[in-house]
Amino acid sequence: GDSVTQMEGPVTLSEEAFLTINCTYTATGYPSLFWYVQYPGEGLQLLLKATKADDKGSNKGFEATYRKETTSFHLEKGSVQVSDSAVYFCALSMDSNYQLIWGAGTKLIIKP
Amino acid sequence: DSGVTQTPKHLITATGQRVTLRCSPRSGDLSVYWYQQSLDQGLQFLIQYYNGEERAKGNILERFSAQQFPDLHSELNLSSLELGDSALYFCASSVGDISNQPQHFGDGTRLSIL
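So the sequences go chain by chain: A and B.
If you're matching positions, the first sequence starts at 1 in the working numbering and goes up one per residue.
If you're matching positions, the second sequence starts at 1001 in the working numbering and goes up one per residue.
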């Protein structure tokens, strides 16, 4: 079935470092792809999305490009801040399905 | 603020009991989703309602049930509670029932079973 695989965390970086969180997916068709973020003690928030191949989603300095050839949607940010410390979830959706398929989440810790 | 309201924020109860979690979706949203988040299972989709009707079912136990009322708020009922039901329960809402629309999450209800 459809699935999402994220790199295991926690990922620990220093402030201003470059961030990559890997996400790959398995799907029988052409899914829409999402990154959600969960800050401590809060619910999840949509960070960015891409609905077709080669689309780039971006928000708050984060970017992810929908790569059909590698079935990936890696999250990147050029210079992270302490405030980016959170859990990041990759997810996909298929038109044929009403629910999101979620990755396990990757905890990001940014040290000053 | 996502516009999704969940009550209560915290709930402490004992095994064998029954609880009801409540969710008010964002204004204008017709879909409501329920999720369970625990340390060992991660984020698990439970069930979705759209405009009062059940749309999709995930890993929801038979001891759990949900409904969406005419005013679009939703309730998740958990009965015969077990220690393993301790988790964060999230509600999310979206405008329609198509899964590629963004979901807006509440802050969750933390359920602790003693």
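Hints were generated in silico from the structure; no laboratory data involved.
Take these hints with a grain of salt, some might be off.
[Claimed, not checked] FRET-style restraints, in silico, Cβ to Cβ:
#	chain 1	residue 1	chain 2	residue 2	range
1	A	29	B	1042	46 to 54 Å
2	A	69	B	1020	33 to 41 Å
3	B	1080	A	22	23 to 31 Å
4	B	1022	A	42	27 to 35 Å
5	A	42	B	1071	39 to 47 Å
6	A	54	B	1101	16 to 24 Å
7	A	61	B	1040	29 to 37 Å
8	B	1075	A	22	47 to 55 Å
9	A	26	B	1038	41 to 49 Å
[To be verified] Derived pair list, reagent style SDA-like, types lysine to any residue, alpha-carbon separation capped at 25 Å:
#	chain 1	residue 1	chain 2	residue 2
10	A	111	A	68
11	A	68	A	3
12	A	60	B	1026
13	B	1009	A	27
14	A	107	B	1022
15	A	107	A	85
16	B	1009	A	60
17	A	107	B	1080
18	A	77	B	1045
19	A	52	B	1045
20	A	56	B	1101
21	A	60	A	28
A virtual CB, placed ideally from N, CA and C, is assigned to each residue, including glycine.
Structure-based check of all given hints:
1. A:29 - B:1042: 46 to 54 Å: violated (24 Å)
2. A:69 - B:1020: 33 to 41 Å: Hint violated: Cβ distance 48 Å, outside 33 to 41 Å.
3. B:1080 - A:22: 23 to 31 Å: Violated: the Cβ-Cβ distance is about 40 Å, outside 23 to 31 Å.
4. B:1022 - A:42: 27 to 35 Å: Roughly 18 Å apart at Cβ, these two residues miss the hinted range, so it is violated.
5. A:42 - B:1071: 39 to 47 Å: Taking Cβ atoms as reference, residue 42 (chain A) and residue 1071 (chain B) lie about 26 Å apart, which means the hint is violated.
6. A:54 - B:1101: 16 to 24 Å: Given range 16 to 24 Å: holds, Cβ gap about 21 Å.
7. A:61 - B:1040: 29 to 37 Å: Since residue 61 (chain A) and residue 1040 (chain B) have Cβ atoms about 33 Å apart, the given range 29 to 37 Å holds.
8. B:1075 - A:22: 47 to 55 Å: Because 38 Å falls outside the window, the suggested range is violated.
9. A:26 - B:1038: 41 to 49 Å: violated (24 Å)
10. A:111 - A:68: violated (34 Å)
11. A:68 - A:3: holds (15 Å)
12. A:60 - B:1026: The hint holds at about 23 Å.
13. B:1009 - A:27: violated (36 Å)
14. A:107 - B:1022: violated (28 Å)
15. A:107 - A:85: OK: residue 107 (chain A) and residue 85 (chain A) at ~8 Å, within 25 Å.
16. B:1009 - A:60: Violated - the C-alpha atoms of residue 60 (chain A) and residue 1009 (chain B) are around 28 Å apart, more than 25 Å.
17. A:107 - B:1080: With Cα atoms ~33 Å apart, residue 107 (chain A) and residue 1080 (chain B) exceed 25 Å; violated.
18. A:77 - B:1045: violated (28 Å)
19. A:52 - B:1045: holds (24 Å)
20. A:56 - B:1101: Given that 25 Å is the threshold and the Cα spacing comes to 17 Å, the pair holds.
21. A:60 - A:28: violated (31 Å)
In this structure, the earlier hints numbered 1, 2, 3, 4, 5, 8, 9, 10, 13, 14, 16, 17, 18 and 21 are contradicted, and the remaining ones agree with it.
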